[in-house]
Amino acid sequence: MKQIEICQEENKILDKMHRLKVAEVEKLTQTVRELEEAVLAGGAAANAVREYQRKVQELNEEKRILDRELARAKISANRVAVVVANDWKDAPDKVMPVKQWLEERKYYQGEMQQLKDKLAIAERAAKAEAQLKEKYQLRFKVLEERFKVPSNVTSRTAAEGRSISNVRSRCMSLGGVENLSRPSNGSLLRKTSFQSGSSQSNDASSLLKKAKNLSGAFDGGSRSEGKEKPVQLTDQKDNGHSGTSRESHSNGIVTAHKNADLNAAEKMKLENKDYVCGAVYDMLQKEVIVLRKACNEKDHSLKDKDDAIEMLAKKVETLNKAMAIEAKRMRREVAAMEKEVATIRNGKEYDQRLKCSYSAKGAMNGHTLPQRNDRSYKNFTEQ
Numbered sequence: 001m002k003q004i005e006i007c008q009e010e011n012k013i014l015d016k017m018h019r020l021k022v023a024e025v026e027k028l029t030q031t032v033r034e035l036e037e038a039v040l041a042g043g044a045a046a047n048a049v050r051e052y053q054r055k056v057q058e059l060n061e062e063k064r065i066l067d068r069e070l071a072r073a074k075i076s077a078n079r080v081a082v083v084v085a086n087d088w089k090d091a092p093d094k095v096m097p098v099k100q101w102l103e104e105r106k107y108y109q110g111e112m113q114q115l116k117d118k119l120a121i122a123e124r125a126a127k128a129e130a131q132l133k134e135k136y137q138l139r140f141k142v143l144e145e146r147f148k149v150p151s152n153v154t155s156r157t158a159a160e161g162r163s164i165s166n167v168r169s170r171c172m173s174l175g176g177v178e179n180l181s182r183p184s185n186g187s188l189l190r191k192t193s194f195q196s197g198s199s200q201s202n203d204a205s206s207l208l209k210k211a212k213n214l215s216g217a218f219d220g221g222s223r224s225e226g227k228e229k230p231v232q233l234t235d236q237k238d239n240g241h242s243g244t245s246r247e248s249h250s251n252g253i254v255t256a257h258k259n260a261d262l263n264a265a266e267k268m269k270l271e272n273k274d275y276v277c278g279a280v281y282d283m284l285q286k287e288v289i290v291l292r293k294a295c296n297e298k299d300h301s302l303k304d305k306d307d308a309i310e311m312l313a314k315k316v317e318t319l320n321k322a323m324a325i326e327a328k329r330m331r332r333e334v335a336a337m338e339k340e341v342a343t344i345r346n347g348k349e350y351d352q353r354l355k356c357s358y359s360a361k362g363a364m365n366g367h368t369l370p371q372r373n374d375r376s377y378k379n380f381t382e383q
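Going letter by letter, the sequence shown gives residues 1 to 383 in full-length UniProt numbering.
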């Protein structure tokens, strides 16, 4: 019964521990969410703090450089003073003063600290490069998945490119050079402006934009070619009517280029949206990695707590076993003591009986001796 009660108490304790752990996990998840919100809200503040920290580090480095230059100047002055002081001394008396030794020691310590700082900066740069490498690898994987297009699309784009060249040659023959040149110049200006805007962004964003430009070029080429094919068909049908065909062809080219411009604007909007989504995706990737690390740490802590609970349970079991063994030993000792007490009591009773028997025999002997003496005295007198 006691063991059952002990086990029930242990189960209650373990249930309480489990509830506490669940509450701790919930609190930690809530804190993680709050921290995520704080990180998202305080991005600008963090950037400002990093900028100020960088400026403080630069000022500290400048201060260190000035201190080192001052130490060098002091050392050079001390050396000049020692040379001037040793001019009038003999060879055995020319000894380096303690102050100079201390200054040189300080200078060399500063050099060592500078080397240590350079080593730390190199290690940080290596870590940053490793992180950038991982980030770019993730980006390249995403881009590879995007570029995994079936071969039918490439063959279709090649055929459409040939049709575009045929359309342009026929347009040149029909006199639509001016209408073709104007939108092409506009598209070149847009391309140059887009390239100048993309060159100012980060390296990762530039890679993404280039990839998206390539995919957009493939899609845009196919759409524009699909729209310029009817123009080619109209040219083949209306070769007999030169005036009307030129006007209709020029109108078709203008409408096609207007549609191409609209498609380019839509692509720019989509690319900007995709870029924002990519940045958010990077942030989410970082947060997911952080959350995975936190979950792993929580799992490790829970495992450690479970191990500690198991160890405590084992200790409780060993203590219970030791208590049972100790109780058995005490019972045996009590039984042995009771047996000894019983034997002692029996011995005392036996001694008392012997004493009583001896006392009774002595009394009987005392009554018989006077009678014998009287009888002997009477016999002696009679004689």
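Among the hints, erroneous ones may be present.
[As the list claims (entries may be wrong)] Distance condition first, Cα-Cα at most 20 Å in a straight line; then the derived SDA-like pairs of lysine to any residue:
#1 K315 with K99
#2 K63 with A23
#3 K16 with K286
#4 K2 with K286
#5 K305 with L28
#6 K27 with V39
#7 K55 with K133
#8 K286 with V142
#9 K148 with E129
#10 K27 with E317
#11 K293 with K305
#12 K141 with K321
#13 K99 with E111
#14 K305 with E10
#15 K286 with K303
#16 K21 with E326
#17 K106 with S76
#18 K21 with A294
#19 K63 with A130
#20 K12 with K298
#21 K293 with R54
#22 K63 with I121
#23 K141 with A122
#24 K118 with V39
#25 K305 with C295
#26 K74 with K99
#27 K12 with L302
#28 K293 with I309
#29 K328 with K339
#30 K286 with R50
#31 K339 with E349
#32 K106 with V142
#33 K315 with R332
#34 K106 with E69
#35 K116 with K99
#36 K321 with K27
Calculated directly from the structure, the hints in this document are not laboratory data.
Practice prompt. Go through the numbered hints given earlier and state which of them the structure violates, listing their numbers in rising order.
Written response: Checked against the structure, the hints that fail are numbers 1, 2, 3, 4, 7, 9, 10, 12, 15, 16, 19, 20, 21, 23, 24, 28, 32, 33, 35, 36, while the rest are satisfied.
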